[in-house]
Amino acid sequence: MKDEIDKKVLEAFRKIDETIDVSAPSPQTISLLIKEKHEVHIKSVKRELCLFLLIAVVIISLLLLLLTNAPLIYGFIQVVGIIGVTFYGLYKARKRNREDLYI
Amino acid sequence: MEKHEELLVKKIQAGDEEALAELLHIHYAFLYRYVLKMTMDAVVAEEIVQDTMLKAYLHMKQFNGKGRFTTWLMTIATRTYVDSLRKKKRDSWLFRKAADEHNKLLKWQIESKNEEFDEVMEVIQKLDAIYRIPLLLKHYYGFSYLEIGQMMMIKEGTVKSRVHKSLNMVRKEINKYEG
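From first to last, the protein sequence lines are chains R and W. Sequential numbering from 28 applies to the first sequence in the working numbering. Sequential numbering from 564 applies to the second sequence in the working numbering.
The following block holds chain R by itself, in its conformation from the complex (with noise of 0.2 angstroms):
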C-alpha cells in the first residue's frame, strides 16, 4: 500500500516535468532580468534605511525632549501634589468639623 502511494505521487511529479514545456531565456536576458531585480531591491533596501532612520531619529528626540524638560515635568509634579494634598486635607477638616457639630 505505502509502495503504491510511492509510485503514483512519483508518477504525478514526473507528469508535470514531462507535461510542461519551459523555454529557457538567453543568457543575456537572464543579465538583463536579474539587473532590473537588483535594481528594484536596491530601491526597496534604501527605502526601509530611510524608513528605520526616520523612526530612530523621533524616538531619539523624544527622548530628548523628556530629559531636557525633567525640571519642568519634575515641578508639574510637585504643583500636582502639593494642591492635590491642600484639598485632601481641607475636606478631611469639613468632614471631622461636621462630626463634631453633630456630637
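Among the hints, a few may not be true.
Calculated cross-link-like contacts (lysine-lysine; reagent style BS3-like; alpha-carbon spacing at most 27 angstroms) [unchecked claim]: (1) W/LYS629 - R/LYS73; (2) W/LYS728 - W/LYS718; (3) W/LYS723 - R/LYS64; (4) W/LYS573 - W/LYS618; (5) W/LYS723 - R/LYS42; (6) R/LYS34 - W/LYS676; (7) W/LYS618 - R/LYS62; (8) W/LYS728 - W/LYS629; (9) R/LYS62 - W/LYS573.
Some residues of chain W that are not near chain R, with every Cβ distance over 10 angstroms (derived) [as the list claims (entries may be wrong)]: (10) TYR595; (11) VAL606; (12) HIS622; (13) LYS624; (14) GLY630; (15) VAL645; (16) LYS651; (17) LYS667; (18) GLN672; (19) LYS676; (20) LEU709; (21) GLU719; (22) GLY720; (23) LYS723; (24) LYS739.
Under 10 angstroms between C-beta atoms, here's a sample of chain W residues computed to sit facing chain R [said to hold, decoys possible]: (25) GLU581; (26) PHE593; (27) LEU698; (28) PHE706; (29) MET716; (30) ILE717; (31) LEU730.
I should point out that these hints are in silico values taken from the structure, not numbers from a laboratory. Here the structure is a predicted model, which is why all the values come from computation and not from measurement. Idealized CB from N, CA, C, for every residue including glycine.
For this one, chain R is given, so just place chain W on it according to the hints.
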C-alpha cells in the same frame, strides 16, 4: 560536473556575472520544473525562479563548488519560497483567493497537453507546502533527510515526520476519491 560547467563555476566564484547568466541559462528548465512542482502554482513559480536568480547573483561568490550547482539553486529556491509563504500569511485571505486562481492555471496547462490532472495531482496541490516540499525532495529527487533538513533549515527528525505525514495525508485523500 562537465568541464565547461566546472570552468563556469570557477568564473562565478571570481564574480563573473556572464558566467553566472550562462550557467543559469543551462539549468533554467531544471530550476523552473523544480519550483513548479514545489509550489504547484505556475504564477508563483515564475516569481520564485526570478528571485532565486537574483539571490544567486547576490551570493555567487559564496558558492563553494563542493556540491552541485543545481543543489545550490534548489536550496535558494526552497528558502525563498518558504520565506514568501511566511510573508503572505499576513494577507492570508488575499493569498488564498489568488492561490485558487493560480491552481486552475496549472491544471489548464496540463490538460491542454491532453494529459489528465488526476486526483493525485490535486491532492499534492492542496498539501501544505511544508509537507509537499520534503515529500518532493525525498521521493522524487532522492535527497537524504539530513540534506533536506539543511536545505529547509529544519531538524532531520522534523523532515522524517513531515514526509511520513504527507504520505499519510495523500493516502487518506486518495482513499476518499476512490470511495
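Hint-by-hint comparison with the structure:
1. For a cut-off of 27 angstroms, the pair hint linking W/LYS629 to R/LYS73 is broken: about 34 angstroms separates their Cα positions.
2. Straight-line distance between C-alpha atoms of W/LYS728 and W/LYS718 comes to about 15 angstroms, which keeps the hinted pair within the 27 angstroms bound.
3. Of the supplied pair hints, the one linking W/LYS723 and R/LYS64 is violated, its CA atoms being roughly 36 angstroms apart against a limit of 27 angstroms.
4. Distance hint between W/LYS573 and W/LYS618 is fulfilled; the C-alpha atoms sit about 18 angstroms from each other, no more than 27 angstroms.
5. Of the supplied pair hints, the one linking W/LYS723 and R/LYS42 holds, its CA atoms being roughly 25 angstroms apart against a limit of 27 angstroms.
6. A C-alpha spacing of about 22 angstroms is found between R/LYS34 and W/LYS676, which places the hinted pair at or below 27 angstroms, so the restraint holds.
7. Between the alpha carbons of W/LYS618 and R/LYS62 the distance comes to roughly 12 angstroms, so the proposed pair stays at or under 27 angstroms and holds.
8. In summary, the hint linking W/LYS728 to W/LYS629 is not supported, as the alpha carbons are separated by about 32 angstroms, beyond the 27 angstroms threshold.
9. Between R/LYS62 and W/LYS573 the alpha-carbon distance is near 21 angstroms, which keeps this suggested pair within the 27 angstroms criterion.
10. At roughly 5 angstroms from the closest C-beta of chain R, the C-beta of W/TYR595 falls inside 10 angstroms, breaking its exclusion from the interface.
11. Every Cβ of chain R is farther than 10 angstroms from the Cβ of W/VAL606; the closest lies at roughly 13 angstroms, confirming the non-interface assignment.
12. With a least beta-carbon separation of about 12 angstroms from chain R, W/HIS622 lies farther than 10 angstroms from that chain, consistent with its non-interface assignment.
13. Every Cβ of chain R is farther than 10 angstroms from the Cβ of W/LYS624; the closest lies at roughly 15 angstroms, confirming the non-interface assignment.
14. Non-interface call for W/GLY630 relative to chain R: holds, since the shortest CB-CB distance, roughly 22 angstroms, exceeds 10 angstroms.
15. For W/VAL645, the condition that its CB be more than 10 angstroms from all CB atoms of chain R holds, with the nearest at approximately 19 angstroms.
16. Consistency note on W/LYS651: stated as away from chain R, and its beta-carbon is indeed over 10 angstroms from all of that chain's, at 17 angstroms minimum.
17. The claim that W/LYS667 is not at the interface with chain R holds, since no C-beta of that chain comes within 10 angstroms of its own (minimum 15 angstroms).
18. For W/GLN672, the non-interface assignment is contradicted: its Cβ lies about 6 angstroms from the closest Cβ of chain R, within the 10 angstroms cut-off.
19. W/LYS676, annotated as away from the interface, has a beta carbon of chain R within 10 angstroms; the closest lies near 5 angstroms.
20. The Cβ of W/LEU709 sits about 20 angstroms from the closest Cβ of chain R, beyond the 10 angstroms cut-off, so the non-interface label holds.
21. Look at W/GLU719: its CB is around 20 angstroms from the nearest CB on chain R, clear of 10 angstroms, so calling it non-interface holds up.
22. Every beta carbon of chain R lies more than 10 angstroms from that of W/GLY720, the smallest distance being close to 20 angstroms; the non-interface claim holds.
23. For W/LYS723, the non-interface assignment is confirmed: its Cβ lies about 15 angstroms from the closest Cβ of chain R, beyond the 10 angstroms cut-off.
24. Every CB of chain R is more than 10 angstroms from the CB of W/LYS739 (nearest about 13 angstroms), matching its label as outside the interface.
25. With 10 angstroms as the threshold, the beta carbon of W/GLU581 comes within range of chain R, its nearest partner Cβ sitting at about 7 angstroms, so the hint holds.
26. Contact between W/PHE593 and chain R, as hinted, is supported at the beta carbon level, the nearest pair being about 9 angstroms apart and thus within 10 angstroms.
27. The beta carbon of W/LEU698 is positioned within 10 angstroms of a beta carbon in chain R (closest approach about 7 angstroms), and the interface hint is therefore held.
28. With a least beta-carbon distance of about 14 angstroms to chain R, the hint placing W/PHE706 at the interface is violated under the 10 angstroms criterion.
29. Hint status for W/MET716: violated, given a least beta-carbon distance of 22 angstroms to chain R, over 10 angstroms.
30. Look at W/ILE717: its Cβ only gets to about 21 angstroms from chain R, farther than 10 angstroms, so that hint breaks.
31. For W/LEU730, the shortest C-beta to C-beta distance to chain R is roughly 6 angstroms, which falls under 10 angstroms, so the interface hint holds.
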